[in-house]
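Peer 1: The whole structure should be built from the sequences, with the hints applied where relevant.
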Amino acid sequence: MIFLTIDIGNSSVFFCFFEESKILNYLKLKKKDINKKKIIKIIENYKKNFESLKIIISSVVPSISKLFTSIFKDLEFEYFFINDIRKKLDLKTNIKNKNLIGDDRIVNVFYAREIFQKSVIIVDFGTATTFDVLNKKGIYSGGVITPGIDLSLISLKNQTAKLPLVTFKKTKKVLGTTTQTAIQSGFFWGYISMVEGLIKKIKKEEKTNFKIVLTGGNAHFFSTYIKKITMIDKFFTVKGLNSILIKRLNYDKKF
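Each number in this note's numbering corresponds to the 1-based position in the sequence shown with 27 added.
Subject to a maximum C-alpha distance of 27 Å in a straight line, what follows is the list of computed DSSO-like cross-link-like pairs (lysine-lysine):
{"hint": "1", "residue 1": "LYS68", "residue 2": "LYS93"}
{"hint": "2", "residue 1": "LYS199", "residue 2": "LYS227"}
{"hint": "3", "residue 1": "LYS93", "residue 2": "LYS261"}
{"hint": "4", "residue 1": "LYS145", "residue 2": "LYS274"}
Derived from the structure by calculation, the hints contain no laboratory data.
Peer 2: If you want it as structure tokens, here you go:
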């Protein structure tokens, strides 16, 4: 059986096809490139080769959610959104209004609990860089949201008169010798310091030695620079979606 997981983010949409738990193929499209014709083509290319296609969707963009809903209803695909089964995920949390938590963050914490049970910090480098914490009791105790790397680079360019838009990249030295390398250094080493600093503060506040998971499009830049990483996986969120889908199709009573 083929599963399609779709992670609709603020900047892009990530499609990932699974055969049970094995990744077959994946595709990432910028949000501005998403339209009905393109979505149908992506899905039909796979559906014609298999007897069935089951779909699960995580979304933080309501307008794109409506587009997918319209398409799937017209094509009579079997699909569902994470938002429809939030309560069934049985995530205990200290967050005051968990209905406002993004689907992707819910999925990340759920999947971290599936793998590690407790004591995990998930850092997701997306449009926003998010930190989500599963505490030593297995409770989703809260998180941190900061501006993402690409968003910050664009904002820096747009809100200044002369600073250019630069490509994010690793730098060997902290001190830049041009405006471009100074910005690149500031973002690369600045984000490392921010991530390590926040992890340190979370550990101190929670009095726990957490496992650290990095995910998201820019996570690979930091794999050898941020200390004591337990796991780095750019597919972490879609694997979490796939895990939820498998549980639902296996008729787990909770789902």
